[in-house]
Amino acid sequence: MTRPPASRRGDLTPREVALETAFAAHAAGVAALAARLLRDAEAGRDVCQETFVRFDERMDEVRGDPGPWLRAVASNLALDRLRRRRRDARALDALARRAREAEAGAGPGAGGPPDPVLAQERRERVLGALADLPDRQREVVALRVLEGETFPAVARALGISEGSAKVHLRRAVERLRGLLAPLLGLEARVPVERGGRGEEGHP
Amino acid sequence: MNCDEVKALLPEVLSGPAGGASAVERGAVEAHLASCAACAREAGLVRRTLDALRDAAGAPADAGAAAAAADAPPVPRFDDVLRAVRARRGRRAIPFLARAAALLLAALAGVAVDRAIARRAPEPAPVADGRESAPAPGPAPAPAPAPAPAPAPSPSPLAGVGPGADLDAAAARQALAARPGGLGASLGVLAALDRGGGRR
Chain S
35 MTRPPASRRG DLTPREVALE TAFAAHAAGV AALAARLLRD AEAGRDVCQE
85 TFVRFDERMD EVRGDPGPWL RAVASNLALD RLRRRRRDAR ALDALARRAR
135 EAEAGAGPGA GGPPDPVLAQ ERRERVLGAL ADLPDRQREV VALRVLEGET
185 FPAVARALGI SEGSAKVHLR RAVERLRGLL APLLGLEARV PVERGGRGEE
235 GHP
Chain H
99 MNCDEVKALL PEVLSGPAGG ASAVERGAVE AHLASCAACA REAGLVRRTL
149 DALRDAAGAP ADAGAAAAAA DAPPVPRFDD VLRAVRARRG RRAIPFLARA
199 AALLLAALAG VAVDRAIARR APEPAPVADG RESAPAPGPA PAPAPAPAPA
249 PAPSPSPLAG VGPGADLDAA AARQALAARP GGLGASLGVL AALDRGGGRR
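From first to last, the protein sequence lines are chains S and H.
Under the working numbering, the residue at position 59 of the first sequence is numbered 93, and the numbers go up by one with no gaps.
Under the working numbering, the residue at position 193 of the second sequence is numbered 291, and the numbers go up by one with no gaps.
What the hints contain is simulated information worked out from the structure, not anything from laboratory work.
Keep in mind the model is a prediction, meaning the values are calculated, not measured.
A portion of the hints provided could be inaccurate.
[Stated by the list, open to error] In silico contact screen, one side only, chain H against chain S (beta carbon under 10 angstroms); selected entries: (1) Pro109; (2) Leu112; (3) Leu143; (4) Val144; (5) Thr147; (6) Ala154; (7) Gly156; (8) Pro174; (9) Ala185; (10) Arg187; (11) Leu206; (12) Gly208; (13) Val211; (14) Asp212; (15) Ala214; (16) Ile215.
We put the CB at the ideal spot given by N, CA and C, even for glycine.
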């Protein structure tokens, strides 16, 4: 892929060779994930670069396949950017107003093609809710839900137990349900801050 | 498996195809959902939340975004990554060197002050029979309580712990810490640097 020529490999320290190996194996996937989250190829490339810079700093702590770790860091960086972008984008208020008007029936017909502005607004709000989760919860969601990793892989990448990864996922889903209930037309059954299990008793 | 147990497992079961709940748990959850309308509804809500996340993270809405999410997204060149890594390492090294230089200077200053003080301090009274110097012996040992001790004749860094006084460890530490230079100052600089030089 982007392997440096053999004549140049002598310039690399052993640590840099390890970095280059991880880069060759995972850069494309990391850049794709970041670009997908940010919907911006250039920003995805920047996030990919920053992800590998962070990897160089923490390489000694990453055990086994660095892929899940890299993707967790990339999704975190991308969601951070998204959050900053969202915070800065005052125009989104106008979009939200339009969305509410459309939902009230003044917009394009419900059976017609989806309104790209509304779709964008919805997307921003969903990813914004994800970005607002505590770091660990959003890392677990990014790896498990968005990247389809197994729990053992998630746990290895984040240096936590599988049980802990499952608890983080459960709390994240409960919280997201609360945050997204108005947008998705869901019932916010579970209190957002409480990590309790279903409190409605069913037979 | 009751409803609470099933609801607790829903995110694990619905969030990915494998590696979540065990096959037995998965089967038990599916069997429960087939017979419990309330939990099936709950499962639908969890699924909609997860689908919304996946859609938002992956579904392109326009051609430009589709290109960004295409199979061959732009990847930075390794040379650029390497340059950034080396630049970051360089930036990390500078504060370390600055701290090391400051420590060295502080230690040298402490030594210099110690030497200057030692040069100006009078020689301690000769020590007789191995004991620490005592107040100058009078012609006859006075059994009466001694008057207030004379002030120390030198600007010793151990002011108040002049010749003749017992030098216990606590007093020595206190005096060292109070000195304007020397080890106490060096330790102060070190502590200040440590406080200021935490994680980035």
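Exercise for the section: Any hints from earlier that this structure breaks? Give me their numbers in increasing order, please. Expected result: 11, 12, 13, 14, 15 and 16
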